[in-house]
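These protein sequences, in sequence, are chains V, B, R and Z.
When the count follows our numbering, it moves up by one through the first sequence with no breaks and lands on 350 for the last residue.
When the count follows our numbering, it moves up by one through the second sequence with no breaks and lands on 350 for the last residue.
When the count follows our numbering, it moves up by one through the third sequence with no breaks and lands on 644 for the last residue.
When the count follows our numbering, it moves up by one through the fourth sequence with no breaks and lands on 644 for the last residue.
Check the hints yourself; a few may be wrong.
Unchecked claim - Looking from chain R toward chain V, a few residues come up when the C-beta cut is under 7 Å (computed):
#1 Ala91
#2 Pro295
#3 Ala307
#4 Gln563
#5 Gly566
#6 Ser568
Unchecked claim - Here are the simulated DSS-like cross-link-like pairs (lysine-lysine), alpha carbons at most 30 Å apart as the crow flies:
#7 V:Lys155 - R:Lys182
#8 Z:Lys221 - Z:Lys264
#9 Z:Lys34 - Z:Lys264
#10 R:Lys592 - B:Lys329
#11 B:Lys204 - B:Lys229
#12 Z:Lys221 - V:Lys329
#13 R:Lys592 - Z:Lys124
#14 B:Lys261 - V:Lys155
#15 V:Lys229 - V:Lys143
#16 B:Lys143 - Z:Lys124
No wet-lab data here; the hints were simulated from the structure.
We put the beta carbon where it would ideally sit given N, CA and C, even for glycine.
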Amino acid sequence: MKNRTSSSIPLAVQTLTKQDFTADQDVRWCPGCGDYSILAQTQRILPDLGIPKEDFVFISGIGCSSRFPYYMNTYGFHTIHGRAPTIASGVKAANPDLSVWVITGDGDALSIGGNHFIHLMRRNFDINMLLFNNRIYGLTKGQYSPTSEQGKKTYSTPMGSIDNPFNPISLALASGATFVARSLDRDPAHLRGVIKAAFEHKGTSFVEIYQNCNVYNDGAFFTYTEKETKADNTVFLEHDEPLVFGKDADKGICLNGFKPEVVSLTDGAHTPDALITHDQFAEDRTLAYFLSRMTEAPGLPHPIGIFRSVENPCYEGMMTEQINAAKEQMGEGDLEALLNAGDTWGVE
Amino acid sequence: MKNRTSSSIPLAVQTLTKQDFTADQDVRWCPGCGDYSILAQTQRILPDLGIPKEDFVFISGIGCSSRFPYYMNTYGFHTIHGRAPTIASGVKAANPDLSVWVITGDGDALSIGGNHFIHLMRRNFDINMLLFNNRIYGLTKGQYSPTSEQGKKTYSTPMGSIDNPFNPISLALASGATFVARSLDRDPAHLRGVIKAAFEHKGTSFVEIYQNCNVYNDGAFFTYTEKETKADNTVFLEHDEPLVFGKDADKGICLNGFKPEVVSLTDGAHTPDALITHDQFAEDRTLAYFLSRMTEAPGLPHPIGIFRSVENPCYEGMMTEQINAAKEQMGEGDLEALLNAGDTWGVE
Amino acid sequence: MKKQKQLIEEATIMFASDSGGGSQIIGTQMTEASAIAGNDVATLPDYPAEIRAPAGSLAGISGFQLRFSSLTIHTPGDICDVLVAMNPAALKVNIDKLKPNGVLIVDIDNFAQRNLRLAGYNSNPLEDDSLTRFQVIPVELTRLTREALKDTDLTQREIDRCKNFYALGMVCWMYNRPMDYAFQWLKEKFATKPQYIEANTLALKAGNIYCEATEQFATSYEIKPAKFAPGKYRNIEGNMATALGLVAASQKAGLQLVYGSYPITPASTILHELARYRNFGVKTMQMEDEIAAVGVAIGAAFSGALGVTGSSGPGIALKAEAINLAMIAELPLVVCNIQRAGPSTGMPTKTEQADLLQMFYGRNGESPLPIIATSRPSDCFETVYEACRIAIKYMTPVIFMSDLYVAFGAEPWLIPKVSDLPAIDVDFPTDTDGFEPYLREEVTLARPWAIPGTPGLEHRIGGLEKADISGNVSYDPDNHEQMVHLRAEKVARIVEDIPPTEIFGESRAELLVLSWGGTYGAVRTAVEHKQAEGESVSHVHLRYLNPLPKDLGEVMKGFKRVLIPELNLGQLRQLIRAEYLIDAIGLNKIQGQPFHIFEVESKINELLRGDV
Amino acid sequence: MKKQKQLIEEATIMFASDSGGGSQIIGTQMTEASAIAGNDVATLPDYPAEIRAPAGSLAGISGFQLRFSSLTIHTPGDICDVLVAMNPAALKVNIDKLKPNGVLIVDIDNFAQRNLRLAGYNSNPLEDDSLTRFQVIPVELTRLTREALKDTDLTQREIDRCKNFYALGMVCWMYNRPMDYAFQWLKEKFATKPQYIEANTLALKAGNIYCEATEQFATSYEIKPAKFAPGKYRNIEGNMATALGLVAASQKAGLQLVYGSYPITPASTILHELARYRNFGVKTMQMEDEIAAVGVAIGAAFSGALGVTGSSGPGIALKAEAINLAMIAELPLVVCNIQRAGPSTGMPTKTEQADLLQMFYGRNGESPLPIIATSRPSDCFETVYEACRIAIKYMTPVIFMSDLYVAFGAEPWLIPKVSDLPAIDVDFPTDTDGFEPYLREEVTLARPWAIPGTPGLEHRIGGLEKADISGNVSYDPDNHEQMVHLRAEKVARIVEDIPPTEIFGESRAELLVLSWGGTYGAVRTAVEHKQAEGESVSHVHLRYLNPLPKDLGEVMKGFKRVLIPELNLGQLRQLIRAEYLIDAIGLNKIQGQPFHIFEVESKINELLRGDV
Ligand SMILES: Cc1ncc(C[n+]2csc(CCOP(=O)(O)OP(=O)(O)O)c2C)c(N)n1
Ligand SMILES: Cc1ncc(C[n+]2csc(CCOP(=O)(O)OP(=O)(O)O)c2C)c(N)n1
Ligand code: SF4
Ligand code: SF4
Ligand SMILES: [Mg+2]
Ligand SMILES: [Mg+2]
């Protein structure tokens with residue numbers, strides 16, 4: 003559906019509203035859960051995408067986040083734990099005209115579903131994945147997840163977890179993802195923008211959304227989302243813009259060999275020209291990977307925004323091409339001929 | 003076992019030979035298969051590692067490569083498809099003194115076993131994984147694998163495969179692997195060196211070995227392994243050395259922003275100083291990642307050697323620490339006390 | 033006003049509130065207090081579906097049912113004497129469980145329009161006639177609690193969270209329960225937050241005093257201690273007992289316990305519990321998925337540890353391939369299936385016992401495994417211990433089956449003496465002479481557990497068919513047949529470890545009720561009742577499902593008819609019919625709920641008298 | 033020398049060589065030639081275990097057994113008339129399959145010391161007395177082939193690879209087979225390598241002439257065409273027929289076919305075959321694992337395609353959780369289980385039928401699914417077609433069972449007319465009026481297949497229990513019970529689609545032999561033989577396993593005893609016993625090999641006469 007450009011949007015579609023995307027089921031997340039905001043932003047942005055409601059399909063695994071499809075008045079499939087990418091791939095393969103969305107959690111996508119995650123990225127179906135990363139298992143009541151920081155004390159790790167967490171952005175990039183972004187449940191405008199960009203990208207779009215689980219992991223991302231700390235601890239990635247951040251846009255990031263370095267833009271020693279300029283369209287994914295690793299170095303701000311956005315052929319498109327080529331070469335399949343192919347003989 | 007230093011090797015161990023590691027079973031790979039060389043190099047290097055034979059455990063999944071343990075006169079477990087990392091983790095967790103090796107194929111590790119692969123890397127058990135990458139499914143007779151180049155024609159893809167292949171090195175790095183290397187079935191000395199280094203590394207060691215499947219994918223790596231082409235198409239990574247390659251060591255690789263560039267060392271315009279110097283111990287993994295991506299750019303040589311080797315705490319070690327800490331805090335577990343804990347009451 | 037005190041045999045109470053409202057906590061408090069007071073107790077927590085729903089909504093109601101008695105009881109009761117409903121939704125969800133003329137305590141402060149609407153009430157049930165068949169006791173619980181705590185430093189929100197203790201104080205008064213246990217618990221729980229200790233203690237006392245003071249409460253009840261076999265007791269939840277059983281088995285066997293798991297309701301609490309026993313050397317590993325979880329357990333078993341994995345139906349399905357590997361590799365492994373209501377994701381917070389045939393047959397090829405099932409919370413310890421013992425003795429994976437009802441229920445447990453626990457002998461061979469990886473022990477047919485690190489016993493195992501004795505890969509047709517039979521025979525021989533079947537009641541009678549798993553309590557009680565009425569009915573409850581006890585066929589011959597009540601469509605019945613060609617009759621309930629005693633009774637009536 | 037020509041009814045030949053040695057190729061050539069000549073044919077390729085073993089080793093031997101006949105046959109034969117053994121290992125592995133006085137053709141050039149040792153012979157069997165019970169025809173096959181091709185440009189290695197065609201030439205002479213088919217095949221196969229066409233053609237002719245010329249061969253045989261029903265035929269392998277059946281079903285239904293799979297023996301060739309039909313719009317997707325494979329099929333089904341997945345036992349085990357999802361989501365899906373010998377990895381290149389109960393019960397909770405099984409290569413088409421038809425008609429996953437023996441075997445297939453294929457009606461609703469995702473069709477209980485992209489029918493499905501009609505999530509106890517019964521009832525109603533049971537033989541007799549799956553041929557032939565001897569025995573072969581035909585209970589009542597031969601430990605028997613309380617008797621073989629006819633016959637004898 004993505005190839006419908008906005009100019010060709012039928013009128014009926016343009017008049018859709020958030021309400022049209024709201025299902026009649028009671029929303030059952032804990033009061034205060036970050037999932038509400040993600041739902042609301044999705045419901046708000048969808049009417050703007052210019053495609054009819056019936057062409058949206060939301061597919062999820064299992065987890066708090068994965069109840070999402072029930073609340074969307076679109077086609078939806080709440081599948082099994084970790085397997086949403088596979089079912090979404092089937093949906094898209096069978097009908098490339100649908101706008102297919104995978105809704106998943108950090109456990110769903112990266113723990114049990116890790117394999118499907120990396121393979122979805124490399125196949126580059128035109129599917130959008132929203133990963134609600136709350137760094138915890140919400141639905142099963144608070145065990146650590148593959149994105150929980152090492153040492154995290156949870157019900158299953160009373161002495162602290164001992165596995166190193168994944169960096170979902172790095173993993174997606176290394177798996178071959180063509181669109182990789184991060185956004186925040188508590189930054190509605192940014193979130194809507196990223197969801198829209200993900201939709202517009204042709205190929206698999208991976209969006210990690212930091213999501214607050216106020217029951218089992220409250221405040222996990224407050225450094226990046228709350229007013230007092232946000233500006234100094236995040237850097238918003240904008241294409242072709244230097245990496246500048248801080249309350250007064252007073253800091254920037256330089257490259258030193260392969261290492262990022264924070265510099266002051268007010269001490270006169272550095273100008274924005276010296277900073278790394280973001281290039282989300284870079285074919286080479288080293289920059290994006292480099293940015294994704296900044297999350298780990300102390301003192302560095304957390305990158306938010308689109309890390310990479312590169313057009314590559316989509317799986318379903320190539321499949322269609324093969325089918326067309328085959329039809330051209332061998333002619334449209336003729337069942338009678340197929341059954342009678344090879345060496346046959348008659349008996350009277 | 004790895005903490006036994008060579009100085010403390012008991013004599014009996016030192017006198018082990020390749021023969022000691024050779025099982026009494028007939029080797030059943032196709033004549034000419036690259037697996038033979040990997041087996042031979044492993045059997046040759048093991049006696050030098052200074053640990054008793056009974057402490058080696060080889061664990062594999064399913065595939066041609068995965069028959070490997072049957073040919074090693076050590077403890078071995080030929081498990082099920084893709085799951086060797088999990089079983090190896092259990093072996094190591096239960097007995098950290100064992101030297102645990104995972105033998106796997108590109109399908110076994112990266113297709114069905116992809117999730118266990120990435121999680122093994124992040125947990126950093128002191129386990130060594132040798133991945134025999136022949137870019138094909140050997141055992142099931144020639145379907146494409148997740149490392150097969152796009153467009154590959156196989157039994158299951160008569161019109162060419164349409165998925166983008168994984169880069170196992172990138173994936174391992176993004177997953178958090180602490181030791182990442184690549185070697186060649188047809189370079190016995192290099193292979194032995196890398197196997198030894200993998201063993202010596204404390205933490206998960208990942209070694210990708212380019213392996214020729216002469217039946218279903220013959221010559222897949224000849225550019226990198228055969229005399230005529232090898233020197234110009236590979237660059238051997240050596241710690242603290244500049245990236246120099248070519249028949250006469252006449253070419254080098256420079257960094258241009260985030261992009262690698264081949265330069266001539268003979269035209270006077272560049273000296274080795276201008277080249278990228280390899281740092282396998284760099285904490286930051288961007289360099290290693292950058293090197294891993296070189297495989298894809300045309301004109302660039304293929305890196306062979308150790309991409310990254312960094313010490314991080316191991317899962318089994320941290321587990322032991324927690325156990326010790328718990329014993330210290332709560333005292334060695336007393337079963338009688340445990341059963342009688344909480345609120346109890348007596349009935350006469 | 034003079035209050036009356038009445039001696040009664042037993043009572044069943046239900047606490048119900050929003051899931052954050054503390055019903056589980058006060059339920060547990062009351063349970064502990066009753067148990068310590070010497071009653072027999074049985075509990076049934078009823079968690080809401082999956083996620084915390086908005087306050088006041090039907091989907092968010094959390095309930096805790098508790099029965100305590102001066103007699104021996106086996107279930108948390110079919111129906112309640114008292115319902116404490118903290119809001120309209122709690123009332124709506126649970127009112128059907130209150131017996132006619134039962135006591136209904138409600139927090140009327142929560143019956144505002146908004147809450148009524150959320151609960152789907154068109155009119156206020158306290159004001160219309162819909163509750164006339166109950167003794168309704170409306171209490172201004174919110175106001176009273178605020179009043180009682182007005183001098184504390186807590187915020188209003190914090191104060192409101194003490195309401196549950198106010199209610200607990202009331203119930204303690206009603207049943208003459210000392211509150212010391214709760215005081216003590218508060219002290220430990222809030223050791224670092226003394227203001228909470230104080231506030232909840234105040235609330236507790238205030239609730240208690242309220243009952244003493246107000247005329248709403250005229251009678252309190254006394255329930256004498258039950259008769260228990262002598263010994264030391266504690267109150268225990270099923271999953272907690274399972275965790276302890278695993279630790280005990282590993283300790284008695286002198287083995288490390290490695291528990292690989294992936295969170296899933298209702299199995300997760302075994303993982304949580306075991307994770308607390310690092311000082312016993314217990315290694316819990318939360319893995320990336322269920323396959324990895326069973327994988328580490330298998331690897332640990334190969335290394336000589338007690339490898340255990342636990343999950344519920346959907347996760348167990350994922351483990352099938354790996355369990356099959358452990359089966360052919362003949363490694364000891366315990367697989368705990370804490371069943372929940374299926375199929376598929378089903379109703380994850382509800383109970384069922386519909387995975388029995390999955391455990392028998394859910395693997396490719398002929399893959400026989402011993403299967404044993406626990407019957408009640410206090411039985412989990414012994415049953416899972418037995419699973420470990422069999423696994424090690426016979427070198428085989430063993431399936432341990434429990435279910436959500438048992439896992440989350442609690443009851444008094446006669447704490448065993450460590451020295452009385454059956455021995456678990458582990459023999460890691462070291463003798464290289466004549467060692468063969470698949471040379472079998474004569475009686476058990478177990479192969480040797482030769483573990484890595486043992487000099488001279490290096491060998492390879494795997495999932496391909498293996499030659500008898502040598503364990504090498506073999507494609508020999510006769511060898512395959514022999515191995516298939518040997519593996520079946522090994523499991524069959526476990527029958528020798530099974531004690532003779534205990535028949536509860538006469539060994540020859542009209543009707544045998546045959547049951548397994550968590551239906552024990554309801555079935556046993558129903559049969560007790562019927563026997564007390566002089567009916568010709570007996571009960572056999574199976575712990576061992578595979579193999580079945582060898583005398584079972586004989587036992588069944590003593591009865592004209594056999595009734596098999598199950599929370600599925602007849603899975604044990606299918607096995608019994610196939611094995612013994614007996615026309616066993618099913619009583620099948622598949623509602624995500626345990627049997628009520630009366631349901632079993634009326635089926636017995638039907639069969640004995642032909643009333644339908 | 034005057035050669036004799038003898039008319040015979042049938043012959044069974046076995047070609048055996050190293051796996052690179054071309055036995056499969058010449059076996060197939062001879063099969064095609066015989067089929068085209070009008071014989072009934074049946075084949076049994078015997079692949080070596082997994083990997084190509086070193087030349088000359090026992091583990092590397094690849095065999096191809098072919099029976100051709102002027103009568104109707106159902107199996108590739110119990111025992112061979114001719115064995116062509118290209119080296120000592122080929123001889124050793126297969127000599128037991130040669131009948132006494134059978135013809136043994138060996139390439140003596142390959143009987144050097146080294147080869148004998150590799151095959152584990154202490155002395156040369158051609159020189160000691162061990163082969164005296166056969167007609168040994170030693171041929172210098174290597175030398176003769178080199179001689180015949182000495183004028184070509186091929187290398188010696190290339191020349192040696194033509195030996196198989198030399199052997200084929202000989203066998204063609206022996207059975208008076210025209211070689212045109214082989215000539216033609218060579219032309220197509222080596223279209224780009226004319227030197228290979230020439231060389232192999234030369235070898236073929238030389239082998240033929242050799243027999244004509246040398247005294248070693250005195251007699252050739254002629255086998256008349258068999259009587260077939262009129263129609264057009266082709267020779268077909270089981271998996272190929274399965275692939276065609278899937279394409280046909282999708283075409284007749286007017287649906288896209290999406291086949292998600294992960295390679296595994298013996299299912300992979302279905303994937304390979306289907307991958308060739310892109311011009312039919314067939315989308316084959318080789319996925320990262322079996323779970324993903326069934327996942328894409330389910331997603332495709334949700335989108336309105338015919339979603340199919342195929343695997344073998346271990347892979348099917350992995351799919352269980354997802355199949356259960358499709359079951360509760362009530363989506364059409366076809367799951368092909370091409371069984372191999374288990375348990376675990378087992379013997380991947382051998383046959384068995386031990387996954388039946390896994391297919392019935394290998395999922396958590398009550399998860400009923402229709403199950404149908406094919407009986408022979410030519411039956412795969414119709415059976416898998418029927419699986420698709422049922423899946424779509426009843427909106428349910430359907431299990432299609434085949435096995436390695438059927439999958440790799442070949443036989444003549446009466447090609448159906450496309451117009452004669454049963455209709456498969458697909459109705460994608462578009463009417464929004466009164467649309468409910470779980471409102472059922474009255475007769476079939478199928479829910480509507482409302483697919484994404486349809487305006488106004490937006491709805492959500494999932495793995496949680498769903499409310500009747502609306503399909504919303506529901507935890508209501510009674511609703512759950514109702515849904516469990518509805519799902520069971522839906523599958524039960526498929527019984528109405530099952531034709532009355534065909535009894536081969538009398539409908540009242542001493543013995544009924546009841547079979548399913550790939551044992552058809554051996555059982556049918558055994559019963560034919562016994563009936564010809566006047567014995568009171570009949571045969572029923574089941575295609576539908578779940579539900580069972582509704583007249584089956586009645587049918588079985590006509591017989592004193594029921595024998596169920598199976599390549600497992602008695603899985604259908606278990607079902608039949610439980611369902612009908614009949615003391616069915618088992619004949620169970622679990623050797624990775626199909627039944628021999630005589631095995632079934634002797635069991636029948638035993639039961640009819642009490643000989644043991
Ligand atoms: C096969 C299977 N294993 C385990 C579960 C239990 N389970 C449900 S959701 C979940 C994890 C949820 O975590 P996440 O994906 O982070 O989602 P969140 O609830 O945090 O949004 C688990 C373990 C399941 N439903 N199915
Ligand atoms: C669960 C399961 N699925 C599929 C298979 C079949 N299978 C065996 S090995 C293999 C792939 C082998 O490829 P790779 O790992 O690259 O090993 P190679 O044979 O090339 O060394 C497959 C698909 C299996 N044994 N088990
Ligand atoms: S448990 Fe956490 S993630 Fe789940 S609904 Fe509640 S707040 Fe949200
Ligand atoms: S098929 Fe390929 S990988 Fe397997 S043994 Fe043969 S040559 Fe080696
Ligand atoms: Mg989460
Ligand atoms: Mg491979």
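The hints, checked one at a time:
| no. | hint | result |
| --- | --- | --- |
| 1 | Ala91 | holds (6 Å) |
| 2 | Pro295 | holds (4 Å) |
| 3 | Ala307 | holds (5 Å) |
| 4 | Gln563 | violated (42 Å) |
| 5 | Gly566 | violated (48 Å) |
| 6 | Ser568 | violated (47 Å) |
| 7 | V:Lys155 - R:Lys182 | violated (35 Å) |
| 8 | Z:Lys221 - Z:Lys264 | holds (25 Å) |
| 9 | Z:Lys34 - Z:Lys264 | violated (38 Å) |
| 10 | R:Lys592 - B:Lys329 | violated (58 Å) |
| 11 | B:Lys204 - B:Lys229 | violated (34 Å) |
| 12 | Z:Lys221 - V:Lys329 | holds (23 Å) |
| 13 | R:Lys592 - Z:Lys124 | violated (59 Å) |
| 14 | B:Lys261 - V:Lys155 | violated (41 Å) |
| 15 | V:Lys229 - V:Lys143 | holds (29 Å) |
| 16 | B:Lys143 - Z:Lys124 | holds (26 Å) |
Comparing the model with each numbered hint stated earlier shows that hints 4, 5, 6, 7, 9, 10, 11, 13, 14 do not hold.
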